[in-house]
Every structure is written in C-alpha cells, then in structure tokens.
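Asker: Now for the letters of each chain:
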Amino acid sequence: MFKLLPAYLLISALIFSHCRLDDPQIPNEEELITTLRYTLTPVNGGNSAVFTFQDYDGEGGEDPLISGGVLTANTEYTGSLEILNEISFPLVDIGQEIQTEDTEHQFFLATSGGLLANVEYADTDSNGHPVGLITKLITRSVSSGNLTITLRHEPDKTAPGVSKGDLSQAGGETDLEIVFDVQIQ
Amino acid sequence: MLRQITSILLLVLIPLIGQSQGCRLVIQGTIVDESTGIPLEYAAVYLQETRQGVAADSLGQFMFQGICPGFYHLQISHIGCENQNLYLRVDRDTSLFIHLHHHAELLNEIAVHGSREDNSTQMANSIARTEIARESNKNLADLLEKIAGVSVIRNGSGISKPVIHGLHGNRITMINNGLVQAGQQWGNDHAPEIDPFLTDHLTVVKGVSSLAYGGNGLGGVVLAESNPIEADPHLHGQLNYIFQSNGRGHTVNARLQQNRPWAAWMLSGTFKRQGDQRAPDYFLTNTGKKENNLGIQFEKKFGSRWASRLYYSLFDTEIGILRGSHIGNLSDLEEAITRPVPFYTRDAFSYGIGSPRQAVVHHLLKLENKWLINEKNILSIHYGGQINQRREFDVRRSGRSDLPALSLRQYSHFVEGIYHVTPRPGVLIKSGLQYQYAYNTNQPGTGVLPLIPDYQALTGSAFGIYQRSFEKGQWEMGVRYDLRHLAAATISRELPRRIVRFNNNFNNINVSFGGKYQLNEVLSLTTNLGYVLRSPEVNELYSFGLHQGVSGLEEGNPRLKQEKSFKWIVGLDGAVNHKFFIQALGYLQPIWDYIYLQPLNEFRLTIRGAFPVYQYMQTHALLYGSDLLVSYEWNKSVKWTSRASLVIGQDQSRGLPLVYMPAQSLQSDLTYSFGDRKRWSGTYLGAHGKFVFRQNRLEPGQDFLLPPYGYSLFSLEGGSSYAVGKSRLKFSLLVDNLFNTPYRDYLNRLRYYADETGFNASFRLNYSF
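Here the protein sequences come in this chain order: Z and X. Okay, so the first sequence: first residue is 1 according to the working numbering, each after it adds one. Okay, so the second sequence: first residue is 1 according to the working numbering, each after it adds one.
Hints are computed from structural coordinates only; laboratory data are not their basis. Quantities reported herein were computed from a predicted structural model and do not represent experimental measurements. Heads up, a few of these hints could be off.
[Said to hold, decoys possible] Just so you have them, the derived chain X footprint on chain Z, three or more residues with Cβ under 8 Å:
#, stretch
1, 53-59
2, 62-73
3, 94-103
4, 169-176
Note that the Cβ used here is the ideal one computed from N, Cα and C, for glycine as well.
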C-alpha cells in the first residue's frame with residue numbers, strides 16, 4: 001500500500017485544485033403569490049376597506065405582513081380580490097391567471113371567532129359555478145373576529161355545499177389560506 | 001472457508017493427464033448445492049450434441065464415456081433448481097465441479113464475480129437470477145424484500161427503496177456493477193435507477209464498512225451486478241414477456257449474447273408500460289409507469305494476462321404519483337386522512353401519466369481493466385461515469401404543469417485502482433485508491449427556488465483489507481479513509497436573492513474486523529464489527545423547501561457533523577441432516593450524532609397557512625434486532641422456508657422511538673417441486689404468506705396518524721419449463737394479494753392517502769435459446 005503513496009498525494013492534489021462551482025441561476029419565481037388585496041367597497045357609498053397580505057420572500061425568510069380592517073355594521077360591501085406576484089419582473093397578475101382557469105379554482109371566504117357577517121359569491125365560471133374573485137359581504141351588528149380566505153386549486157365544484165362556500169367536501173389543494181382580523185363597528 | 005465461487009455456478013476444469021485419441025474421452029463431474037455443499041442426487045445431465053442423458057448418483061457424480069473431441073453444450077437440471085447450461089471445449093478427459101442453486105434462500109456469501117474476489121466475513125444475503133427473473137416487472141427494491149432484515153420504503157406503488165436493519169436513504173449505498181449509484185439518492189422518493197433485467201445477482205451486505213465500496217454505507221450495501229458473458233461462441237438469448245393484471249402492465253425484455261473471438265458481447269433492452277394500479281376498492285389514479293432500459297456489455301481478453309470489460313446502461317423512466325397525494329397544506333392533509341377514497345380518484349382505468357410525476361434518465365458507463373501481473377498479483381483499474389437527470393412535475397397553474405418544479409442534472413466520474421496480493425495460500429491483501437467527482441446542478445426554468453443547492457463533491461479514498469483463511473474458518477480486518485470536499489452554492493431565502501456559498505471538508509475513517517468459524521459439523525459462527533463515519537449529505541446540510549406528503553417545511557442544517565457508528569453482528573448458521581437449515585443473526589448498532597428530521601415547535605406562516613418546520617438535527621440513536629431464517633426440506637419435493645425480522649430503534653437522548661422503523665414481520669414459503677417428465681422440467685407450485693405486525697413503537701405526536709394496522713398477505717405461484725429442440729420455453733403465474741386485502745403499510749409515505757395495491761396476477765413467459 002505504501003508504494004501507492006504518490007498516487008494518493010496526486011488524488012489529494014486533485015481534490016484541492018478542482019474548478020470552482022459556477023454561480024447558480026436565480027429562478028424567476030413567477031408563480032409565487034406575494035400579495036393579496038381584498039378590497040371591500042360599500043354598495044351605497046362610504047369608506048372602503050382593504051385587507052392585505054404581503055410576503056415577498058415566499059416560504060422562507062421573513063414572516064408575512066397581514067392586515068385586516070374595520071367595517072361598518074349593517075352594510076353591504078362588494079369584495080374584489082387582487083392577487084399578484086410583485087417580485088417577478090414583469091409583475092404577474094395571478095388573479096388574471098385564475099380568471100383564465102376559473103373552472104379549476106374557487107375561493108372560500110369564511111367568518112369565524114364571532115364575526116357577524118355573511119359572504120356570498122358574486123361571480124361564476126363558464127360552467128356556472130362560483131369562483132369568488134368578486135363577492136358580496138354583508139355585515140350585521142358590531143362584533144369582531146376573523147375572515148379566512150382560502151383558494152383551492154382543482155376542487156370538486158359539484159360536491160354538496162361547495163357552491164355555497166362550504167369547503168368541507170371541496171377537496172383540491174390549498175393554494176392560499178389567509179386569516180384576517182376584522183372588526184365591525 | 002474462503003469459497004472462491006461464483007453465484008450461479010462454479011466450474012473447475014481439471015484437465016486429466018492423458019492423450020486424446022479418437023472418441024474415447026470421458027466427461028465426468030460432481031453436482032452440489034452451492035449454499036450447503038450437499039451432493040445433488042438424481043440431478044439430470046444432458047449432453048446436447050450426442051443426445052445422451054444421465055442422472056447423478058448419491059454422491060452427485062455423473063459420467064459420459066466415448067466422447068469425441070469437440071465443443072459441447074451440457075444441460076444440468078435438478079428438482080427445485082433452475083437449469084444450468086454449460087459450454088465446454090473437450091480435447092481431453094474432463095472433470096467438472098458444478099454448483100447449483102438448490103437452497104437459494106440460504107445463500108449468504110458475497111458472490112464472487114469476474115474481477116471481484118470479495119468473499120469476506122461480512123454478513124450478506126443474495127438473490128439469484130432465477131428469482132430476479134420471475135419478478136423483473138417489479139422495482140429492484142421490491143425484489144430485496146424477500147431477504148430477512150430487509151424492508152422497503154415506498155412512495156406509492158411505483159417508487160421503492162430498500163431499508164436494511166431499519167436504516168435507509170443516505171445510509172444505504174447502492175452499488176451498480178461496482179459503481180456507487182450516483183444521482184439523487186438522498187430522496188426517499190427517488191428509487192434506484194437500475195433495471196432488474198440487467199441484474200443477474202443481487203446481494204445485501206448487512207454489516208457496516210464494506211470497505212472496498214465507500215459511499216456512505218452505514219446502514220448496509222446493496223450490490224446489483226451482471227454476470228460475465230459465458231464462453232459459448234454461439235448466439236444465445238432470451239425473450240421475456242410479463243403481463244400483470246393490476247395496472248394492466250406489459251413488460252418486454254430481449255437479451256442476446258455471444259462470445260466471439262474479437263470480443264464477447266451482450267445486449268439487453270427492456271420496455272415497461274403500466275397504467276393506473278388498483279387498491280381493492282378503487283383505482284389509484286395516476287400511478288402509471290413507463291420504463292425503457294438498455295444494457296450493453298463487451299468483454300475482451302488481450303493475451304492471457306489482460307482482460308477488459310466495457311459496460312453501459314441506460315435507465316429511462318416516467319412514474320406517475322397518486323394524484324390524491326398532492327396537497328397544499330396541513331388542512332388538506334387532515335382532510336385527506338379522513339377520506340375513505342382519495343380525492344381525484346377516477347372511476348376508470350388509464351395508461352395516462354399526469355402531474356405529479358417524475359421523469360428520470362440515468363446513464364452509466366464502466367470500463368474495467370484487470371491485469372494479472374503474475375500468479376500472486378492482480379492490478380485492476382476501473383473508470384465509471386454516470387449522468388443522472390431528474391425532473392419532477394407538480395400540479396401548477398397556467399400550463400406550468402409541464403415545467404419541472406425540480407430539475408437536477410448530475411455528472412459524476414469515478415476512478416479506482418485496486419491491487420490484490422496473495423503472498424501465500426489462504427492470505428489475501430487487497431488495497432485500493434479511489435477518486436470520485438460529482439457535479440450537481442439545478443437546471444434553469446423551473447420557476448421555483450431549488451430544494452437542494454448546486455454542489456460539487458470530491459472524494460479521495462484509500463483502503464486496505466487483509467483476509468486470512470485457515471482450516472476451520474477465516475478472519476479479516478480492514479481500514480478505509482475518505483477525504484470528502486463538498487462545495488455548495490445556495491440561494492438565500494431573504495430578498496434580494498443572493499448566492500451563499502458553503503465549503504466543507506470531512507475526514508471519514510472506517511474500520512472493520514470480522515471472523516468466521518466452523519464450530520462443529522452442524523454449526524458455524526460469524527461475527528463482524530465495524531466502525532464507520534458518515535458525512536452529512538447535501539440535503540441534510542442545505543435543503544430548503546416544502547416537504548410534499550408530510551406538509552412541512554424542511555430545513556437543512558449547515559452545522560451538522562458526521563455520524564459515527566459501531567455495528568456488531570453475530571450470525572449462527574446451522575445445518576442438520578441435510579434437511580434442516582437455520583440462519584440466525586443478531587445486531588447492535590449505536591449511532592452517535594444520528595441525523596434525523598426534527599419537528600421544531602415552530603409554525604411558519606405562509607400564504608398557505610401555518611406549516612410545521614422540520615430541521616435536520618443530531619441525536620444519539622441505538623438500533624438492535626435480529627433476523628431469522630429457517631428452511632426444512634421434508635423430502636425431495638416439499639420445502640418450507642420461513643423468515644422473521646425484528647428491529648428496534650431508539651433515540652437515546654430524547655427517550656423516543658426512531659420514526660420509520662419497519663414493523664416486525666414474518667414470511668413463510670411452501671414449495672412443491674415436481675419431477676422432470678420428458679420435455680417438462682422445473683415444474684413447481686408455491687404458496688407464500690407474509691404477516692406484518694403493527695408498528696407500536698411510536699409515541700402519539702410523532703406522526704400525523706397512528707401507524708396502520710398489521711396485515712396478512714398471501715400469494716400463490718406456479719411454473720414449468722418445456723423443451724423445444726435446443727431452446728426452452730418457461731412460464732409461470734404469480735398471484736399477489738390473493739384475497740384482495742385492503743391494507744396500508746407504515747413504510748409507505750402515501751399511507752395517509754390510499755390503500756396499497758390489491759389482487760394482482762402476473763404471467764411470465766420466457767423463451768431462451
């Protein structure tokens with residue numbers, strides 16, 4: 001074995017004189033959802049509210065910024081969802097992608113934690129099933145709680161309750177699930 | 001007991017002194033079982049050219065007289081064994097010593113193949129060609145499940161990896177024709193890219209530190225090898241076709257070989273197509289599979305001292321992954337667990353493969369050179385090159401399902417020089433130097449941050465093994481040193497994205513000591529003690545991403561140190577009256593700095609809700625267990641074999657069981673072999689039972705779901721072989737999961753979503769000439 005010592009030294013030399021690893025190409029994460037805005041405009045005029053979610057660095061890094069809002073009691077709002085990828089260049093309107101594939105997507109908006117409000121769908125896909133990019137939100141009396149917005153990709157839109165916004169039978173994969181703190185004054 | 005024998009058959013041609021004159025030559029021989037050395041009485045020997053047939057006597061001996069000089073094909077058959085064909089050049093009286101695989105289940109030697117004389121005191125079990133061929137439509141790892149102490153970790157029905165004595169993944173080294181299988185072996189859902197049809201011999205080494213191979217075989221080594229090409233100058237080949245009812249799968253393989261003066265060559269091609277498989281109660285939607293494989297081998301001798309072999313294989317597969325297992329977050333997982341039928345289950349069969357799916361291409365090239373310097377010294381120089389390309393597709397929006405979400409390419413090169421010295425009979429010294437280089441990059445265009453970074457790894461190694469055999473046994477010792485350099489270029493998770501480089505050097509030392517001793521006529525004792533260091537792999541150090549299937553964020557840990565482990569194995573082999581055989585084995589393996597995925601008490605908020613975070617951490621683990629194999633030959637026709645294995649893994653520091661430990665299992669086979677009749681031979685019927693207990697060694701909270709219940713599976717098998725002139729037609733029928741039992745297995749990563757496959761009948765046709 002000792003006769004092979006020079007060969008071993010050669011191998012060691014090879015190890016430490018290797019070429020440098022090239023810089024990896026940083027991918028353009030065009031699918032990443034960095035921003036969600038849920039804009040609520042009172043049907044009969046008044047102050048709108050905007051709930052926002054922002055997470056520019058994706059799953060790792062910093063925690064997302066989530067801000068809910070304040071709504072007026074006994075008011076009907078039109079809710080519209082805006083979903084964007086703001087770090088991609090050019091900016092990607094993911095809401096537009098969802099609109100294009102509306103039969104494969106559905107949003108579910110659910111109240112919890114004592115929030116007294118009802119949400120209804122105000123749009124349909126080409127098969128007549130709701131999508132949820134446009135909704136109608138009606139507040140009742142003064143309360144506070146949460147509003148959860150969930151987006152399911154490839155759900156079963158024909159399953160019982162799904163068109164009424166019940167996601168327990170919907171299946172599919174969750175693409176987003178955001179909980180907003182909401183106050184009704 | 002240094003048995004320098006081949007797995008399938010050993011031939012010692014002892015030329016007897018005497019002049020060849022006309023047709024007065026004699027061919028005689030002895031036929032014994034390779035595993036036990038027992039003479040095989042009534043073995044039938046047929047000399048094709050003279051159409052003579054004889055039967056071996058009680059000492060396993062046979063003789064043909066009045067033979068003319070020339071070339072002969074000899075066919076040897078015995079009840080319960082695969083037929084063997086020999087090609088002989090007879091120019092003087094010839095004496096043969098022939099090994100058949102009668103007790104194939106007892107094979108526990110490292111096989112000696114071509115240039116490798118690695119018979120050692122390592123504990124190993126093998127599977128022979130016959131058994132591989134019968135089920136070559138399955139994955140390579142599935143074939144290994146027949147060995148006591150080996151289980152399989154699965155990702156649905158299409159992807160499987162071996163588990164040896166409770167360890168899997170990075171801790172198992174796969175050796176493909178003498179090369180450490182390169183590629184993305186770190187992934188539990190990355191099956192080894194090896195075609196069973198190109199594998200003539202499959203061996204599992206259970207001890208640590210198989211010093212000649214390197215890699216990171218802290219948990220054991222799997223060796224897949226092809227045989228050297230036979231000496232026969234005529235064109236021989238075989239055609240295989242296997243149909244499986246579950247998944248309506250078709251597997252076709254053709255293999256040709258010939259030993260011409262210019263070189264010996266072998267060519268093999270395999271095509272597999274399989275559609276959605278079916279659990280007892282529903283289709284497993286999107287579990288189809290395509291596979292196209294190729295193997296080419298050339299062997300050439302240059303003079304009497306130099307031999308070369310060139311081997312190339314291509315493995316190209318596309319595997320569908322159960323559609324219902326693709327989920328977005330924890331609530332999806334919880335919902336999937338409660339569903340009796342997986343989501344997206346279609347009520348119709350389909351051959352289509354949609355996303356999620358994997359497409360993998362693996363090229364392997366090996367050049368072996370062996371130089372017999374003189375009687376006592378052999379120098380072997382090998383080069384191996386591999387290219388692995390893996391693409392994984394997810395269900396994505398806006399037509400991006402056709403863009404891979406993971407796309408990795410790896411180039412690797414391997415060079416080794418091995419020097420054998422036999423200074424005197426019974427002593428073997430083997431030493432070697434190895435150099436390995438791997439360059440692994442993410443291919444652009446995925447639109448996703450990579451799960452593992454680009455990296456290059458360089459390893460230089462040296463090893464030395466000393467083996468000494470004496471009358472009643474053998475002992476050996478060896479040492480190996482690896483210097484491993486790993487350079488990785490990761491992309492930061494913070495914005496702006498930037499490149500963060502890491503450099504690591506690891507010094508690994510492996511030491512091994514083993515002995516084998518024949519205590520008396522009945523019992524022999526084997527022991528092996530090894531110490532091994534395993535450096536952390538790139539996924540353990542730097543991975544970052546969503547862990548599909550368990551819905552967690554997986555984080556590498558750049559501060560990981562090497563794992564250090566002792567493994568001690570004691571084996572006892574017994575043989576009573578040539579009828580009853582027992583192989584018992586016990587092992588103990590402490591692992592310091594055992595690397596595992598620890599769920600942190602931390603949830604990370606993302607756009608898809610909160611995800612639990614898993615980080616690679618280190619602890620002190622202890623594994624122990626035993627394997628048992630019992631075989632009883634009632635009479636010439638009836639044989640019963642049973643295997644049991646038990647493994648216990650404990651995290652000593654935290655006082656918790658280790659996760660993904662195989663449950664206790666018991667397997668039993670009953671085989672009835674019929675005697676040969678005219679053109680019919682090798683006729684058999686068999687029944688097989690497998691009982692897997694529930695894995696009770698898991699605390700609540702260590703998994704999303706309690707381990708599934710235990711289960712029993714039964715299968716039936718039968719086959720025969722029919723001679724048509726000089727060729728042979730073999731057929732067999734195998735029925736798996738006879739009672740269509742619904743069950744789930746703890747080692748299947750998709751156990752949260754769906755049952756295992758149900759009833760499956762597979763029919764195999766083999767034509768060989």
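Asker: It remains to establish, for every hint, whether it holds in the given structure.
Answerer: Okay, the hints, checked on the actual structure:
| no. | hint | verdict |
| --- | --- | --- |
| 1 | 53-59 | holds (count 6) |
| 2 | 62-73 | holds (count 4) |
| 3 | 94-103 | holds (count 5) |
| 4 | 169-176 | holds (count 6) |
When held up to the earlier numbered hints, the structure conflicts with none and fits them all.
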